[in-house]
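Engineer: Going down the list, the sequences are from chains Y and Z. Under our numbering, the residue at position 84 of the first sequence is numbered 84, and the numbers go up by one with no gaps. Under our numbering, the residue at position 282 of the second sequence is numbered 282, and the numbers go up by one with no gaps.
Hints in this document: simulated from the structure, not taken from any laboratory. Nothing here was measured: the structure is a model prediction, and the numbers come from that model. Backbone N, C-alpha and C fix where the C-beta goes; we use that ideal spot for every residue, glycine too. Please note: incorrect hints may appear among the correct ones.
[Said to hold, decoys possible] Derived Cβ-Cβ restraints for the label pairs, each shown as a range:
no.	chain 1	residue 1	chain 2	residue 2	range
1	Z	D302	Y	Q68	20 to 26 Å
2	Z	E44	Y	D94	55 to 61 Å
3	Y	R146	Z	C28	54 to 60 Å
4	Z	F244	Y	R146	43 to 49 Å
5	Y	R146	Z	T311	39 to 45 Å
6	Y	S126	Z	D302	55 to 61 Å
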Amino acid sequence: MRADLEIIQQWVKPGHHVLDLGCGDGTLLDYLKRERNASGFGLEINPDHITTCMNRGVSVIEQNLDTQGLDNFEDNSFDIVLMTQALQAVRRPDKVLDEMLRLGDEGIVTFPNFAHWRLRWGLALSGRMPESDALPYKWYNTPNIRLCTFKDFEALCREKGIRIKSRRVVDGQHQNNWLARFWPNLLGEIAIYRITREKT
Amino acid sequence: MPDSLPVDSVGVVTPQTYHFETPIELACGQALERYDLVVETYGELNADRSNAVLICHALSGHHHAAGYHSMDDRKPGWWDTCIGPGKPVDTNRFFVVCLNNLGGCHGSTGPISTNPATGKPYGPDFPVVTVGDWVKSQALLADRLGIDCWAAVVGGSLGGMQALQWSLDYPDRLKHAVAIASSPRLTAQNIAFNEVARQAITSDREFHDGRYFDFDTLPRRGLMLARMVGHITYLSDASMGEKFGRELRDQAYKFGYDAEFQVESYLRYQGERFSEIFDANTYLLMTRALDYFDPAYEFGGDLSKALAKATCEFLVLSFSTDWRFTPARSEEMVNAMIAARRRVSYAEIDAPWGHDAFLIPTPRYTDIFTAYMDRVAREVGA
């Protein structure tokens, strides 16, 4: 069991209606459907992923967050909105976060930490854009156009009045790493944030 | 004609006619006392009768969706690209049913059938039928075939509208509804094109208020024009450009009004051929059924409210260059399903062929359709 899925699953209540932004091949939604009897949809743009979702029985909508937005979804129409490993690939992550919390009470966001020591080390030593398990692309072909660190993300949340309910940190293979708990922004590779609107 | 049948063909098929003696009440208030439905089936119904798929035809379609009627046939059925062994609607796994709808002109009771009250063809006296009426008659056919629940109801264009209607009228009698290149209702532009087609037919001097059989003639010219207009809306600017461009039949302009461009002669040929094989009253009726289709109407225009009744899972597909039923129309349907919390999957397929793309097997279209139907088959144990 992938540690990140295990963590996310704990935050989804039985029967929750879930929207997964950038649902990939539907692994997470399929898992939530089986383990949590969750309903809901995935949004995806990769044709092969969409086909896989359809074949495994995950409801998937071809929709591009950057060009089409999320206007077609009504306010508070989901219990939880998920976005795993896609925040760094959208044009305006700040607006997507707003949208997530417009559509759902809660959001779960995971993304790779650009301040992980190996990336810092790689950049400092070689002077070239770092690559890692979590970020396996070249600078010119990477879909990850909005890389940030855990600190950056948390600063954005503060600015936007978004409350971080929990944060868990895993390594590039999505495994738990106890070391990362002590110094997440240096030692954590991927963070899983559970967010909600600050009560006003 | 195929010298030998392709391995992925359902082969030579024979249509069957089912007689119905119990009157069917229609949306217009009239009833048909008795009627026939002509049907083709492919594949075998399994022991628990769970593997049946209903194929609904579009405006000018009919029951002959796949295979050949004889070894002399030049072309297979209209959706042979998608129905057959190993094809998206895999006849090794599914029992596939396709019928000619009421009001059609290919064997099911329609304007060219004999009106028992007069002993003459119904002609314009045949009642205007709706998508809902078709679905009702299809449900009666399912009863006759011993099918309680379709694994899927599948259709393109007007056929997709029938799939949607099924999900609303008989929610417990289908597991999946597949609506391809379809729309939850016609736009003003769609209705306008239909009206041009109808005007072309009814203003033909040979139309005789629909009683052309009494005069031993056919409104060929009107039907040809109707088809020409329709045909343009089925293609895209790009696909017409690709196929014909500005190509001339001869080398130079002739400074007249005969068919000089290839596209003109193509449209004329298509129109003429169609006018020989299709009934004008049926064409009027089918276009009207399209105009009237609007399941959201009785819910104040809110399709998601109409969908509250549906329990099946939906697959909706659109094509990028379809301007008859644009991707936006499919998305309208999908958004209503999302709002109603129905299970739905949607993809917009990049294809240059306009509305006709639903009949043409592009790789992504075939992949998606196959993947989805494979899952349907697994689900029903086929």
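Engineer: Does the Cβ pair Z/F244, Y/R146 satisfy 43 to 49 Å?
Structural biologist: 46 Å, holds
Engineer: Would you say the C-beta atoms of Y/R146 and Z/T311 sit inside 39 to 45 Å of each other?
Structural biologist: At 40 Å between Cβs, range holds.
Engineer: For the range 20 to 26 Å, tell me whether the beta carbons of Z/D302 and Y/Q68 fit it or not.
Structural biologist: 22 Å, holds
Engineer: Do the Cβ positions of Y/R146 and Z/C28 conform to the proposed distance bound of 54 to 60 Å?
Structural biologist: Once the Cβ atoms are compared, 58 Å apart, the range 54 to 60 Å for Z/C28 and Y/R146 holds.
Engineer: Should the hint that Z/E44 and Y/D94 are 55 to 61 Å apart at their CB atoms be regarded as holding?
Structural biologist: 57 Å, holds
Engineer: Using the beta carbons of Y/S126 and Z/D302, state whether their distance is inside 55 to 61 Å or not.
Structural biologist: With Cβ atoms ~59 Å apart, the hint holds.
Going through the hint list in order, the structure satisfies each hint without exception.
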